[in-house]
Amino acid sequence: TVSGAPSGNLYVYPNPNFGQFSVRFFNQAGESATISVYDAKGARVFQRQMVTTTAYTKLDVELGPTTNSGVYLVEVLNSTGKVMGSKRVIVRHP
Numbered sequence: 290t291v292s293g294a295p296s297g298n299l300y301v302y303p304n305p306n307f308g309q310f311s312v313r314f315f316n317q318a319g320e321s322a323t324i325s326v327y328d329a330k331g332a333r334v335f336q337r338q339m340v341t342t343t344a345y346t347k348l349d350v351e352l353g354p355t356t357n358s359g360v361y362l363v364e365v366l367n368s369t370g371k372v373m374g375s376k377r378v379i380v381r382h383p
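Numbering-wise, the sequence shown is residues 290 to 383 according to my numbering.
Heads up, a few of these hints could be off.
[To be verified] With a Cα cut of at most 25 Å, we get these calculated DMTMM-like pairs of lysine to aspartate or glutamate:
#1 Lys347 with Glu364
#2 Lys330 with Asp349
#3 Lys330 with Glu364
#4 Lys330 with Glu351
#5 Lys376 with Asp328
#6 Lys376 with Glu320
#7 Lys371 with Glu351
#8 Lys376 with Glu351
#9 Lys347 with Glu320
#10 Lys371 with Asp349
#11 Lys376 with Asp349
#12 Lys347 with Asp328
#13 Lys371 with Glu320
#14 Lys371 with Asp328
[To be verified] Each pair of labels, with its calculated beta carbon distance range:
#15 Gln336 with Tyr302: 14 to 24 Å
#16 Gly370 with Leu348: 14 to 24 Å
#17 Arg337 with Gln317: 36 to 46 Å
#18 Ala318 with Arg381: 32 to 42 Å
#19 Pro383 with Gln338: 11 to 21 Å
Bear in mind the hints are in silico, worked out from the structure with no lab data behind them. For glycine and all other residues, C-beta sits at the position ideal for the given N, C-alpha and C.
With these hints in hand, go ahead and build the complete structure from the sequences.
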């Protein structure tokens with residue numbers, strides 16, 4: 290049996306990127322989670338709620354072509370509002 294070992298790590302990749310990246314985190318199947326992305330001013334620029342399906346569920350994030358280059362904070366909350374992890378990501382446009 291192959292399974293995911295519990296971890297508090299949050300994986301955001303690739304980093305840096307052009308506003309398109311993936312987020313993975315450890316979770317239980319059927320768990321509710323909210324992924325938010327904040328710009329350097331603290332304004333939320335992306336948010337998506339999801340119900341996870343497997344350990345280390347993957348969510349693809351696309352911030353869009355109008356997103357400014359800069360450092361963004363990716364944050365994952367569980368269904369009770371507890372922060373499961375956060376990570377900084379660099380977005381730069383050619």
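key: Holds or violated: Lys371 to Asp349, with C-alpha atoms at most 25 Å apart   = holds, 21 Å
key: Gln338 and Pro383 - C-beta distance against the hinted 11 to 21 Å   = violated, 32 Å
message = Check the hint pairing Lys347 with Glu320 against an upper bound of 25 Å on the C-alpha distance.
response = holds, 13 Å
inquiry  = Need the status of pair Lys371, Glu351: alpha-carbon distance at most 25 Å?
reply    = holds, 24 Å
message = For Lys371 and Glu320, compute the direct alpha-carbon distance and say whether it is at most 25 Å.
response = With a Cα-Cα distance of about 13 Å, the restraint between Lys371 and Glu320 holds, given a limit of 25 Å.
query = When you check the alpha-carbon spacing of Lys330 and Asp349, does it fall within 25 Å?
reply = holds, 23 Å
task = Measure nothing beyond the straight line between the CA atoms of Lys371 and Asp328; if it is 25 Å or shorter, mark the hint as holding.
result = holds, 20 Å
query = Regarding Gln336 and Tyr302, is the given constraint of 14 to 24 Å on their beta-carbon distance met?
reply = About 20 Å separates the Cβ atoms of Gln336 and Tyr302, which means 14 to 24 Å holds.
message = Next pair to validate is Lys347 with Asp328; report whether the Cα-Cα distance is within 25 Å.
response = holds, 22 Å
task = Below or equal to 25 Å on CA atoms is what counts here, so check Lys376 against Glu320.
result = holds, 20 Å
ask   = Given the hint that Lys376 pairs with Asp349, does the C-alpha gap stay at or below 25 Å?
value = Holds, because 15 Å separates the two Cα atoms, which is no more than 25 Å.
ask   = Quick one, are Lys376 and Glu351 close enough, alpha carbons at most 25 Å?
value = holds, 16 Å
Against the hints set out earlier in the document, violations occur for numbers 17 and 19.
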